[in-house]
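Visitor: For reference, the chains in residue letters:
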Amino acid sequence: MENLIVLSEADNVGNAIEDIEKNEVVSFSVNGQKHEFTAKERIPFGFKIAIKDIKKGEPIIKYHEIIGKASRDIDLGHLVHVHNVEGCRGRGDINN
Amino acid sequence: MKILGYKRPDNKIGIRNYLLILPVTRGSHILASKIAENVTNCKTFILGDEDGRDSDDRNTISRVLIGLGLNPNVGAVLLVCNKKNAGYDELLPSYIESEIAKSGKKVYLLDIEEQNGFYQALGQGIRIARRMAREISDIQRTDVDFGKLTIGVKCGLSDATSGISGNPTVGYMLDALIDQGGTAFFSETTEVIGAEEIVAKRCRNDEVKQKFLECVYRTENEAKSTGEDIRTINPIPANIEAGITTLEEKSLGAIAKAGTRPINGVLRYAERPKESGLYFVDSWMSSTSLFIGYAAAGANMVIFQMGGGALPVDPPMPSVSTGLIAPILYTTGNPKTYKRAGDEIDFNCGTIIEKKETISQAGERLIQHIQKVASGMYTKMETWNYQDPIEVFLKGPKL
Numbered sequence: 001m002e003n004l005i006v007l008s009e010a011d012n013v014g015n016a017i018e019d020i021e022k023n024e025v026v027s028f029s030v031n032g033q034k035h036e037f038t039a040k041e042r043i044p045f046g047f048k049i050a051i052k053d054i055k056k057g058e059p060i061i062k063y064h065e066i067i068g069k070a071s072r073d074i075d076l077g078h079l080v081h082v083h084n085v086e087g088c089r090g091r092g093d094i095n096n
Numbered sequence: 001m002k003i004l005g006y007k008r009p010d011n012k013i014g015i016r017n018y019l020l021i022l023p024v025t026r027g028s029h030i031l032a033s034k035i036a037e038n039v040t041n042c043k044t045f046i047l048g049d050e051d052g053r054d055s056d057d058r059n060t061i062s063r064v065l066i067g068l069g070l071n072p073n074v075g076a077v078l079l080v081c082n083k084k085n086a087g088y089d090e091l092l093p094s095y096i097e098s099e100i101a102k103s104g105k106k107v108y109l110l111d112i113e114e115q116n117g118f119y120q121a122l123g124q125g126i127r128i129a130r131r132m133a134r135e136i137s138d139i140q141r142t143d144v145d146f147g148k149l150t151i152g153v154k155c156g157l158s159d160a161t162s163g164i165s166g167n168p169t170v171g172y173m174l175d176a177l178i179d180q181g182g183t184a185f186f187s188e189t190t191e192v193i194g195a196e197e198i199v200a201k202r203c204r205n206d207e208v209k210q211k212f213l214e215c216v217y218r219t220e221n222e223a224k225s226t227g228e229d230i231r232t233i234n235p236i237p238a239n240i241e242a243g244i245t246t247l248e249e250k251s252l253g254a255i256a257k258a259g260t261r262p263i264n265g266v267l268r269y270a271e272r273p274k275e276s277g278l279y280f281v282d283s284w285m286s287s288t289s290l291f292i293g294y295a296a297a298g299a300n301m302v303i304f305q306m307g308g309g310a311l312p313v314d315p316p317m318p319s320v321s322t323g324l325i326a327p328i329l330y331t332t333g334n335p336k337t338y339k340r341a342g343d344e345i346d347f348n349c350g351t352i353i354e355k356k357e358t359i360s361q362a363g364e365r366l367i368q369h370i371q372k373v374a375s376g377m378y379t380k381m382e383t384w385n386y387q388d389p390i391e392v393f394l395k396g397p398k399l
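Taken in sequence, the protein lines are chains A and B.
Residue numbering for the first sequence follows the numbering used here, beginning at 1 and increasing consecutively.
Residue numbering for the second sequence follows the numbering used here, beginning at 1 and increasing consecutively.
Hint data in this document are derived by calculation from the structure and do not stem from the laboratory.
By construction, the Cβ of each residue, glycine as well, lies at the ideal position given by its N, Cα and C atoms.
Please note that a few of the clues may not be correct.
Some chain B residues flagged as far from chain A (calculated, every beta-carbon gap over 12 Å) [claimed, not checked]:
{"#": "1", "residue": "37"}
{"#": "2", "residue": "88"}
{"#": "3", "residue": "90"}
{"#": "4", "residue": "138"}
{"#": "5", "residue": "364"}
Covered stretches of chain B (in silico footprint by chain A; criterion: 3 or more residues with CB under 8 Å from a CB of chain A, positions within the stretch not fixed) [unchecked claim]:
{"#": "6", "region": "157-163"}
{"#": "7", "region": "235-243"}
I would like the entire structure built from these sequences, with the hints used as guidance.
Guide: Listed below in C-alpha cells is the structure:
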C-alpha cells in the first residue's frame, strides 16, 4: 500500500500517511503514475519528505503553490520541516 | 435536496427552535439567568464585558444582540432590561426590540422599572417565558431546501491531514451548499496571511478583493506592532509538532475548508450578509468568539474541522457550545484523531488518507450527515448540558 500523498505533479514534497522508517520504501502515485524511492531518515505520520533533490533557496511546492524556501540543500528521501525550510511571509527580516 | 426545518415569518429557515432570553444591560444579567434557569428549551447569553466601550464596540454588541434575536434557530425572544428607553442609541432596549421584531417573530421586552422592581419582574418574566416556550413548541418542522441553510466553518489543531483530507471535504460540502443557493462563512484572518494572494483571486470583484486584502494587511501589521513575529504565532508549536512547517502551508491547508466558489463579500464580526453566497468574516480566530459572531450573522450551525494529530485519548473539545444557538459539528480528516476522540467528533473523513474514500465520496457523506443534523439530530456537543463562556470580539480600548 502507498504510504505517501502527493497533491499535485508540480509538488516536490509529499505527506507521509503512516510512520515511515529509515531505509523503508516510499511509494506514491501522482496523475496515475506510480513512483518509489527510499526514505533516508524516519518520517513520522503527517510529516513531509522530499520527492526530488531540492537546492538551498529553491521553493518548496505543495498544493501546486510555494509554501516556503529550502534553507539548505535537501536530498530526495529526507525530512522537510522547520530545520531546512523558511517561510517567506510575515517576517520583517525577509523580503519576498 | 431537502431537510426538515422551521420556517420563520421572514422566510428564513431554522434548524433549532429556541426561546432566547437576552439581557440588554448589565444590571439585568441576573434576571435573564434566573428566568432561564426555570424555563424549558431556552438559551441565554451573558455578555460580561460591555461597560466602558467605544462606539465601534457598542455597535458590535448591538449587532450581536440583534443578530442573535434574528437568527432563525430562535423561535421567540424575551429581552430583559432595567429601563427600556435608557442608554446609548445603538443599545437602547426598545431599539433592539424593534429591530428583532422586523423578522415577524414574537419579541417581548421585560422592563424591570415598569414591573416595579426585580422581584416582580422575575415572576412576570418566568410567566412570560413559559408561555413563549409553549407557543413556539407548536411550530412544526417542514420540508425545506438544504440550500436555505447558512453554515460557518473553522478549522483547529491543524495537522497535515487538515489540508489533505479534512478541510477539502468540508470545502466540497460548502461548494454544494453555495451551488444550491446557500450561505457560508469562513474567517480567521491571521490564518489567511501567507495565502492572501491566492484567496484574493477568488473575490467576486475588485471592491471585495480590496476589502479582503485590507483586512489581511491590517491584521498582519497589528501582529507586527506587538513585536510578535507572526511566524511564532502561526504555525503554533502544536502545528509544528504535527508536521506543518510554514505559515503558507498552514494557510493553504486552512482555506481548503472554504471550498472553491467565488467570495461574494467581506463581513465585519456579527454582520449579516444581504444576500446568499460565500463570505469572508474579518474576525479573531478563537472559537470562544467566532461562533457566536457567525450565529449573530445568521449561521444555523458551525463546523469545527480538527486536525488533532497531537490530541490525547478522549480529549475535551475546545468549544462545546460557543455558538449558543448554532450547534457545533466536529469533523476530522485524521483517522487517529477519530479513534481517540470518536465520542466527541461527529464526522470522520480520515478514510481519505486510508484510501477507503475519495474527497468527493466523503463530501457527499458529510452533506447527508448535515441533512440529519439540520433536521433535528443532535451533534455530539449538543448532548452536553454545558454552556461554555462566550466572548464577543471587542477591539477596545476599554474606557
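Visitor: May I ask which of the numbered hints given earlier this structure violates, with the numbers listed in increasing order?
Guide: none
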